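Listed below, chain by chain, are the residues.
Protein chains: 2
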Amino acid sequence: MKLYYWPTIQGRGEFVRLALEEAGVRYVDVARLPKKEGGGVEALLALLKKPAAPVRPLAPPILVVGKLVLAQTANILHAIAPRLGLVPAAEASRIAAHQLQLTVSDLVSEVHETHHPIATGLYYEDQKPEALKRARYFAADRMPKFLGYFEAVLADNKKSKGRYAVGGKLSYVDLSLFQLLTGLAYAFPRALGRLEKKLPLLLALRERVAERPKVAAYLASERRIPFNENGVFRRYPELDA
Amino acid sequence: MKLYYWPTIQGRGEFVRLALEEAGVRYVDVARLPKKEGGGVEALLALLKKPAAPVRPLAPPILVVGKLVLAQTANILHAIAPRLGLVPAAEASRIAAHQLQLTVSDLVSEVHETHHPIATGLYYEDQKPEALKRARYFAADRMPKFLGYFEAVLADNKKSKGRYAVGGKLSYVDLSLFQLLTGLAYAFPRALGRLEKKLPLLLALRERVAERPKVAAYLASERRIPFNENGVFRRYPELDA
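Line by line, the protein sequences give chains A and B. Residue numbering for the first sequence follows this note's numbering, beginning at 64 and increasing consecutively. Residue numbering for the second sequence follows this note's numbering, beginning at 64 and increasing consecutively.
Possibly wrong hints are sitting among the right ones.
For identical chains, the list gives no copy identity; a pair is met inside one copy or between any two copies.
No farther apart than 27 Å at their CA atoms in a straight line, the calculated lysine-lysine pairs in the DSSO-like style are these [as the list claims (entries may be wrong)]:
1) K260 x K99
2) K260 x K130
3) K113 x K208
4) K65 x K260
5) K130 x K208
6) K130 x K221
7) K260 x K196
8) K112 x K232
9) K113 x K261
10) K224 x K261
11) K224 x K113
12) K65 x K191
13) K208 x K191
14) K113 x K221
15) K112 x K261
16) K113 x K232
17) K277 x K113
18) K208 x K65
19) K232 x K130
20) K222 x K112
21) K130 x K222
Don't read these hints as lab results, they were simulated from the structure. None of these values were measured; they are calculated from a predicted model.
For reference, chain A alone in the conformation it holds in the complex (with noise of 0.2 Å):
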């Protein structure tokens, strides 16, 4: 499989690599490989820029799988959860791990709207006012509405007395909330610091999903790439007051 995506951010990206970790499965993340083996960010550009079968992609992240050109991070996930075995093969499980997907990608925009409510295209620093008011909003409303729903969702799996989001064993579902509260104590320690008590089960997953053996290896090499202020997650302190 050949993953293509910012070379240099964990970003929506970091769900696929998550994943194909996980699975142990053999994967090529492309933009990070010198632009002379074919790499680099023009080889991502090149991507967007023609026709491609299923269709399309109009962003990355972008998997490769064959002849099918994926994109959409929860769609990728949703499309090759089953062949990584890290979703149970009954329909109705696989309908709520990318229902729970899509929540956790809803969450994400809103944690990229924190640094850049007005435009995409704008700096940080141009927009600082108005993130500093969505921030603390998101802080005071978002979080806790949305980790409050994971939280219960847990505790309604008594197939794995709330170790796991899905049915009885691990699914990507499980992965992708570890990054989302990894990613949430990088940027905003202290809104999340203050909401800990009522997340019990989301936080001992967090600490379940870090210690397994193929999850922490990835941790510590060199493929995981440190949170940084250019991805999703950004550690703005004045964000998190």
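With the hints as your guide, set chain B onto chain A.
This is chain B only, laid out in the frame that chain A set:
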């Protein structure tokens, strides 16, 4: 089937309504029933407060199909489209349609952000200066980017000679593109007008969908809620400079 959505707006629920209407499926728009018949917003809110199968929903639209409680607009359409005959049966086509629908959802979210750039929980009037900035950027950068992408997708589709988004006949994606364009024509008539010359296939698609007998009957009926300033697409002339 039972649809649960806010009873006074088109909103995201409209993408589901259009698919059900075009398919000629019998459905109940629950929250639009009188409270004494089990309807009203109360019925919707009650559904959000309890566990459900395959997983509890966070927000409407919600479609109850047999024992399945489905949420997330694109997920609902992806799940029901095969039985509605609104997507080709081949797996690659289903993925293509879903990927496009997720991209429609992304643009719909950005439309919502134009009048709510700071907080969903605040009134438009309380975030108007920020909305003016965001809407300007939306009209100049985001709308052309997304609509240009959908135009290219239509042009790529040789199987329908640019008449439909996926495969050789109508799919739910076409209904959603119709709704998207109709909403943008309501909310941003000037900005859309400036782009029209570059979007011949999309504009023809919009008319083609509007003329389908079941869609036309629906649009002329009382079931179609008029656009208004509580929905996603709002006509605030100051945002469409």
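The hints, checked one at a time:
1. K260 x K99: This pair counts as neither: shortest intra-copy Cα distance 50 Å, inter-copy 40 Å.
2. K260 x K130: Neither way: K260 and K130 sit 47 Å apart in one copy and 34 Å across, limit 27 Å.
3. K113 x K208: between (40 Å within a copy, 15 Å between copies)
4. K65 x K260: neither (40 Å within a copy, 37 Å between copies)
5. K130 x K208: between (40 Å within a copy, 26 Å between copies)
6. K130 x K221: So K130 and K221 pass the 27 Å test across copies only (18 Å; inside, 39 Å).
7. K260 x K196: within (25 Å within a copy, 38 Å between copies)
8. K112 x K232: The answer is between: 25 Å across copies meets 27 Å, while 40 Å in one copy does not.
9. K113 x K261: Cα proximity of K113 and K261: across copies only (18 Å, versus 47 Å in one copy).
10. K224 x K261: Answer is within; shortest intra-copy Cα gap is 17 Å, inter-copy 54 Å.
11. K224 x K113: Cα proximity of K224 and K113: across copies only (17 Å, versus 47 Å in one copy).
12. K65 x K191: neither (37 Å within a copy, 44 Å between copies)
13. K208 x K191: both (24 Å within a copy, 25 Å between copies)
14. K113 x K221: Between. Shortest inter-copy distance 14 Å satisfies the 27 Å Cα cut-off; intra-copy 46 Å does not.
15. K112 x K261: Close across copies (17 Å), not inside one copy (46 Å); limit 27 Å.
16. K113 x K232: Close across copies (23 Å), not inside one copy (39 Å); limit 27 Å.
17. K277 x K113: neither (35 Å within a copy, 35 Å between copies)
18. K208 x K65: Result: close only across copies, 25 Å inter versus 35 Å intra.
19. K232 x K130: between (30 Å within a copy, 23 Å between copies)
20. K222 x K112: The answer is between: 20 Å across copies meets 27 Å, while 45 Å in one copy does not.
21. K130 x K222: between (37 Å within a copy, 18 Å between copies)
Of the numbered hints listed earlier, those contradicted by the structure are 1, 2, 4, 12 and 17.
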